[in-house]
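There are 2 protein chains.
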Amino acid sequence: MKKPLVSLERVTLPPPSPSDKRADWERFKDALGTEDLTISTDLLRKLPGLLRKQGFQLNTMISHFPPREVISLQPENAYVIALDIGSTNITGSLLDLKTGNRSERITLRNPQTEDGTDILTRIHLASSGMGDSLSEKLIRGINLLISDLSAMAGIDNLNIHAMAVSANTVMSHFLLNLPVENLPVEPYVPVAHRFPSLHASDLGLTINPHGLIYIFPNAGSYVGGDIISGIIASGVHRGERPSVLIDVGTNAEIVIGTKDWLLAGAGAAGPALEDGIFRAGRQAGKGSIRRIEYIPSERIFRYETIDGDNPTGICGSGVVDLVYELYHNGLIDRRGRFTESAGTFDLQGEPALEIVRDAGIHVTEREIENFLRSKAGMFTALSVLVHSVGLGFQDIERFYISGALGTGIPLKKAIALGMLPDLPVERFLLLGNTALSGAEMLLQDASLIEEVEEVLGKITYMEMNTSAEFMQDFPSARYIPHADPEKLRD
Amino acid sequence: MKKPLVSLERVTLPPPSPSDKRADWERFKDALGTEDLTISTDLLRKLPGLLRKQGFQLNTMISHFPPREVISLQPENAYVIALDIGSTNITGSLLDLKTGNRSERITLRNPQTEDGTDILTRIHLASSGMGDSLSEKLIRGINLLISDLSAMAGIDNLNIHAMAVSANTVMSHFLLNLPVENLPVEPYVPVAHRFPSLHASDLGLTINPHGLIYIFPNAGSYVGGDIISGIIASGVHRGERPSVLIDVGTNAEIVIGTKDWLLAGAGAAGPALEDGIFRAGRQAGKGSIRRIEYIPSERIFRYETIDGDNPTGICGSGVVDLVYELYHNGLIDRRGRFTESAGTFDLQGEPALEIVRDAGIHVTEREIENFLRSKAGMFTALSVLVHSVGLGFQDIERFYISGALGTGIPLKKAIALGMLPDLPVERFLLLGNTALSGAEMLLQDASLIEEVEEVLGKITYMEMNTSAEFMQDFPSARYIPHADPEKLRD
Numbered sequence: 477m478k479k480p481l482v483s484l485e486r487v488t489l490p491p492p493s494p495s496d497k498r499a500d501w502e503r504f505k506d507a508l509g510t511e512d513l514t515i516s517t518d519l520l521r522k523l524p525g526l527l528r529k530q531g532f533q534l535n536t537m538i539s540h541f542p543p544r545e546v547i548s549l550q551p552e553n554a555y556v557i558a559l560d561i562g563s564t565n566i567t568g569s570l571l572d573l574k575t576g577n578r579s580e581r582i583t584l585r586n587p588q589t590e591d592g593t594d595i596l597t598r599i600h601l602a603s604s605g606m607g608d609s610l611s612e613k614l615i616r617g618i619n620l621l622i623s624d625l626s627a628m629a630g631i632d633n634l635n636i637h638a639m640a641v642s643a644n645t646v647m648s649h650f651l652l653n654l655p656v657e658n659l660p661v662e663p664y665v666p667v668a669h670r671f672p673s674l675h676a677s678d679l680g681l682t683i684n685p686h687g688l689i690y691i692f693p694n695a696g697s698y699v700g701g702d703i704i705s706g707i708i709a710s711g712v713h714r715g716e717r718p719s720v721l722i723d724v725g726t727n728a729e730i731v732i733g734t735k736d737w738l739l740a741g742a743g744a745a746g747p748a749l750e751d752g753i754f755r756a757g758r759q760a761g762k763g764s765i766r767r768i769e770y771i772p773s774e775r776i777f778r779y780e781t782i783d784g785d786n787p788t789g790i791c792g793s794g795v796v797d798l799v800y801e802l803y804h805n806g807l808i809d810r811r812g813r814f815t816e817s818a819g820t821f822d823l824q825g826e827p828a829l830e831i832v833r834d835a836g837i838h839v840t841e842r843e844i845e846n847f848l849r850s851k852a853g854m855f856t857a858l859s860v861l862v863h864s865v866g867l868g869f870q871d872i873e874r875f876y877i878s879g880a881l882g883t884g885i886p887l888k889k890a891i892a893l894g895m896l897p898d899l900p901v902e903r904f905l906l907l908g909n910t911a912l913s914g915a916e917m918l919l920q921d922a923s924l925i926e927e928v929e930e931v932l933g934k935i936t937y938m939e940m941n942t943s944a945e946f947m948q949d950f951p952s953a954r955y956i957p958h959a960d961p962e963k964l965r966d
Numbered sequence: 477m478k479k480p481l482v483s484l485e486r487v488t489l490p491p492p493s494p495s496d497k498r499a500d501w502e503r504f505k506d507a508l509g510t511e512d513l514t515i516s517t518d519l520l521r522k523l524p525g526l527l528r529k530q531g532f533q534l535n536t537m538i539s540h541f542p543p544r545e546v547i548s549l550q551p552e553n554a555y556v557i558a559l560d561i562g563s564t565n566i567t568g569s570l571l572d573l574k575t576g577n578r579s580e581r582i583t584l585r586n587p588q589t590e591d592g593t594d595i596l597t598r599i600h601l602a603s604s605g606m607g608d609s610l611s612e613k614l615i616r617g618i619n620l621l622i623s624d625l626s627a628m629a630g631i632d633n634l635n636i637h638a639m640a641v642s643a644n645t646v647m648s649h650f651l652l653n654l655p656v657e658n659l660p661v662e663p664y665v666p667v668a669h670r671f672p673s674l675h676a677s678d679l680g681l682t683i684n685p686h687g688l689i690y691i692f693p694n695a696g697s698y699v700g701g702d703i704i705s706g707i708i709a710s711g712v713h714r715g716e717r718p719s720v721l722i723d724v725g726t727n728a729e730i731v732i733g734t735k736d737w738l739l740a741g742a743g744a745a746g747p748a749l750e751d752g753i754f755r756a757g758r759q760a761g762k763g764s765i766r767r768i769e770y771i772p773s774e775r776i777f778r779y780e781t782i783d784g785d786n787p788t789g790i791c792g793s794g795v796v797d798l799v800y801e802l803y804h805n806g807l808i809d810r811r812g813r814f815t816e817s818a819g820t821f822d823l824q825g826e827p828a829l830e831i832v833r834d835a836g837i838h839v840t841e842r843e844i845e846n847f848l849r850s851k852a853g854m855f856t857a858l859s860v861l862v863h864s865v866g867l868g869f870q871d872i873e874r875f876y877i878s879g880a881l882g883t884g885i886p887l888k889k890a891i892a893l894g895m896l897p898d899l900p901v902e903r904f905l906l907l908g909n910t911a912l913s914g915a916e917m918l919l920q921d922a923s924l925i926e927e928v929e930e931v932l933g934k935i936t937y938m939e940m941n942t943s944a945e946f947m948q949d950f951p952s953a954r955y956i957p958h959a960d961p962e963k964l965r966d
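Same order as they appear, the protein sequences are chains A and B.
When we follow my numbering, the leftmost residue of the first sequence carries the number 477, and every step to the right adds one.
When we follow my numbering, the leftmost residue of the second sequence carries the number 477, and every step to the right adds one.
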């Protein structure tokens with residue numbers, strides 16, 4: 477049976493007697509059948525009273541992340557939180573280890589975005605003495621999410637006994653308030669790959685103060701704990717034959733590998749597919765357009781929003797739909813330029829096309845160009861990485877798509893636009909937020925900590941942005957689907 | 477070479493480069509040649525800046541008590557403190573691990589004595605809600621001693637990086653503010669034998685906040701860490717043939733054993749030989765009488781005080797001298813009663829003898845009786861313990877004397893009074909404060925931690941006060957030297 481990261485155990489101790497004078501703490505450990513266990517003085521102070529009050533039968537919560545530790549005595553329940561800290565958003569879910577139930581995932585905006593949407597601005601601010609403030613903002617955001625998750629489940633924050641945290645390397649550094657200034661500077665050295673074992677109180681997180689905070693380790697500035705967690709969730713590291721994980725967040729991050737080797741590549745693949753590219757770009761949420769279709773006879777767009785609300789913007793899958801429809805109906809050419817039949821209007825000197833007149837949603841030529849740069853960056857990174865290990869796309873058994881494109885992306889259209897290799901659609905699997913899934917899995921199965929260490933020991937990193945091959949291939953990947961479509965099957 | 481409990485190490489790291497992107501923390505651990513090391517987030521925050529400022533060469537202080545941990549980065553020195561916390565006194569010394577120098581030992585009164593000189597009163601107060609206050613008083617006393625030791629050496633408190641603490645079980649519980657109420661109640665169960673690994677800041681001790689606090693584990697309510705430390709210092713646990721450790725503090729505590737087995741016995745052996753028995757009783761210190769001689773021709777006492785100061789009282793060795801002189805010169809009989817030739821005066825209805833007229837130092841019959849009860853308790857406990865394992869005094873290779881009698885006791889006179897077995901004086905060795913010596917040794921040799929665990933695994937405890945043999949033998953041991961002197965050689 478799988479052992480969760482923290483487990484609720486019922487302990488029955490023989491009461492002390494003249495022939496058995498073991499101390500309470502040693503008696504407790506013996507009953508649990510372990511020597512290798514520690515406890516805070518705070519909880520040790522409560523042990524004798526509780527043992528006697530409960531007739532030497534006690535429930536206890538034990539952390540299985542070394543050093544193994546008692547994190548609660550006589551807890552009422554066994555809630556834990558999985559967390560994915562991105563540069564833009566923080567997403568979390570609440571798990572009940574007793575029932576195995578998982579809450580809905582909740583996403584809040586990372587409050588650090590108040591100080592700068594892009595990460596380099598924040599690193600710069602932190603290096604100029606604002607590190608404490610940025611770290612506090614992040615903690616505040618996480619505490620808000622903890623409150624939301626607790627409120628949703630109708631429980632007390634203090635009944636949450638552990639958190640598993642996936643984050644990119646910059647965010648995990650901010651979480652611990654570690655200096656970030658060396659992260660973006662050659663040779664891109666983090667303060668730590670593995671973080672010390674932490675209690676919630678060490679970071680000011682408002683769960684049980686003794687609660688365990690497990691942070692996925694990173695393999696470098698550009699291979700964060702979120703990627704490591706994603707690998708665990710996708711299983712790329714377990715395959716006999718090569719598979720690929722594509723995680724599209726603020727960057728596109730790609731991992732290729734088998735059970736024997738792993739290669740990661742990441743780089744600024746242009747702005748992300750959510751926010752950033754289109755003025756009307758949105759995260760998937762109430763009112764965002766997720767499906768869109770062009771009706772040539774009426775020269776209008778028909779759309780579908782999440783929850784059927786009035787449209788407020790377009791989310792990732794909607795953007796893919798839109799560009800596909802524009803191209804397929806001849807409104808843009810293969811370089812993304814509006815054709816004469818598009819019927820554009822002039823927006824501050826730039827051609828723009830109306831999408832939803834009532835909601836003021838439109839798209840400009842520059843925005844389409846940005847999208848094509850993004851898809852070219854992503855595809856080229858994928859292509860360079862796959863070819864760098866002497867493989868072709870045909871050799872890849874499975875492509876796992878996660879992140880912004882991981883939920884509901886119209887796969888056939890993405891392939892038709894040249895975002896993904898031209899392979900049978902069955903080879904692609906949409907996995908949603910793998911960074912969060914990995915954290916959820918690890919909370920339920922502590923043995924995955926060892927798999928994480930194996931991944932960390934195996935993974936190597938290839939720098940993309942400076943690769944000559946990347947520079948050479950990138951321009952032709954900006955065409956729809958590609959200047960040389962053969963490259964999509966290569 | 478011996479490795480100290482915390483060691484100062486010089487680390488040289490290869491600087492990061494494009495071909496070596498290890499994180500600072502992993503790079504640091506690799507340079508130290510260890511995986512098994514942890515660090516607080518506080519120090520981890522400082523690591524990157526310090527490494528770069530120092531050109532990737534750093535001094536560091538590492539704790540070798542599991543979990544192994546970094547306790548200081550770029551410290552100027554390597555001071556540590558050994559501490560013996562008794563119910564009445566706190567004694568400490570400062571060691572410089574760089575030079576191997578040890579400071580003078582300093583003794584302060586345990587501030588808890590304000591609330592009660594005897595330990596049961598304090599346990600009672602703690603059980604009635606005053607535990608926090610008693611614990612704070614103890615911490616305050618230790619912090620005073622830390623300040624005194626630092627001032628004497630002319631160093632900053634914060635330059636002290638570890639403490640090894642010997643204490644009886646009650647005092648170690650007070651140190652951690654653990655509940656003491658079960659300690660004096662059958663079956664005498666401590667909260668813990670082994671205490672969790674602690675930092676100075678956890679206890680409010682004013683050395684380096686990351687400093688390691690090692691507390692000798694106990695083997696029960698009556699076999700404290702001070703006894704375990706004393707065993708380590710005396711080497712009873714290393715002998716091929718049986719030896720005995722007699723530690724006279726507030727109680728007389730006795731350990732007998734070899735490298736294969738250890739048996740401890742303790743019990744209230746009557747009041748201690750310092751304070752308590754004689755109104756004029758004193759701890760060894762300035763002005764206390766340590767040698768005394770009766771001049772029959774002049775019918776006066778000639779004495780010698782510590783440092784030659786005016787006499788203020790009589791310390792342990794002086795008391796032994798005094799009773800011996802009284803008996804030897806026929807001023808008391810073998811039951812401790814004044815003879816007619818003593819020339820007593822009446823003190824509130826009780827016969828008393830003047831010792832130092834000018835200083836108002838005298839001794840009463842009841843006080844001598846108390847002394848004889850104490851010596852009887854100590855001798856009887858020793859006798860019962862030795863015979864309980866089927867041995868006689870002749871079989872004991874060595875008697876180690878520590879505690880109040882451990883310094884400067886006139887051995888031949890103690891034997892003549894029947895405090896100790898009637899054996900050649902060469903069999904006895906005065907070791908001073910073995911509880912403190914053990915702590916000093918462990919600070920300089922971390923491998924002793926394993927010996928401590930071996931001792932803990934081996935030692936058994938025999939209850940004295942309720943033993944029928946003790947009850948039977950005790951009365952005749954109150955005579956000088958014994959009602960049946962054969963028993964002194966048996």
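Derived by calculation from the structure, the hints in this document are not laboratory data.
Warning: the hint list may mix true and false statements.
[Stated by the list, open to error] With a Cα cut of at most 35 Å, we get these calculated DSBU-like pairs of lysine-lysine:
1. B/Lys-735 to A/Lys-934
2. B/Lys-735 to B/Lys-522
3. B/Lys-613 to A/Lys-735
4. B/Lys-613 to A/Lys-613
5. A/Lys-522 to B/Lys-529
6. B/Lys-613 to A/Lys-497
7. B/Lys-934 to A/Lys-529
8. A/Lys-613 to B/Lys-934
9. A/Lys-522 to B/Lys-889
Each hint tested on the structure:
no.: 1; hint: B/Lys-735 to A/Lys-934; result: violated (48 Å)
no.: 2; hint: B/Lys-735 to B/Lys-522; result: violated (46 Å)
no.: 3; hint: B/Lys-613 to A/Lys-735; result: violated (59 Å)
no.: 4; hint: B/Lys-613 to A/Lys-613; result: violated (39 Å)
no.: 5; hint: A/Lys-522 to B/Lys-529; result: violated (45 Å)
no.: 6; hint: B/Lys-613 to A/Lys-497; result: holds (29 Å)
no.: 7; hint: B/Lys-934 to A/Lys-529; result: holds (32 Å)
no.: 8; hint: A/Lys-613 to B/Lys-934; result: violated (54 Å)
no.: 9; hint: A/Lys-522 to B/Lys-889; result: violated (50 Å)
Violated hints, listed in ascending order, are 1, 2, 3, 4, 5, 8, 9; each of the other numbered hints is respected by the structure.
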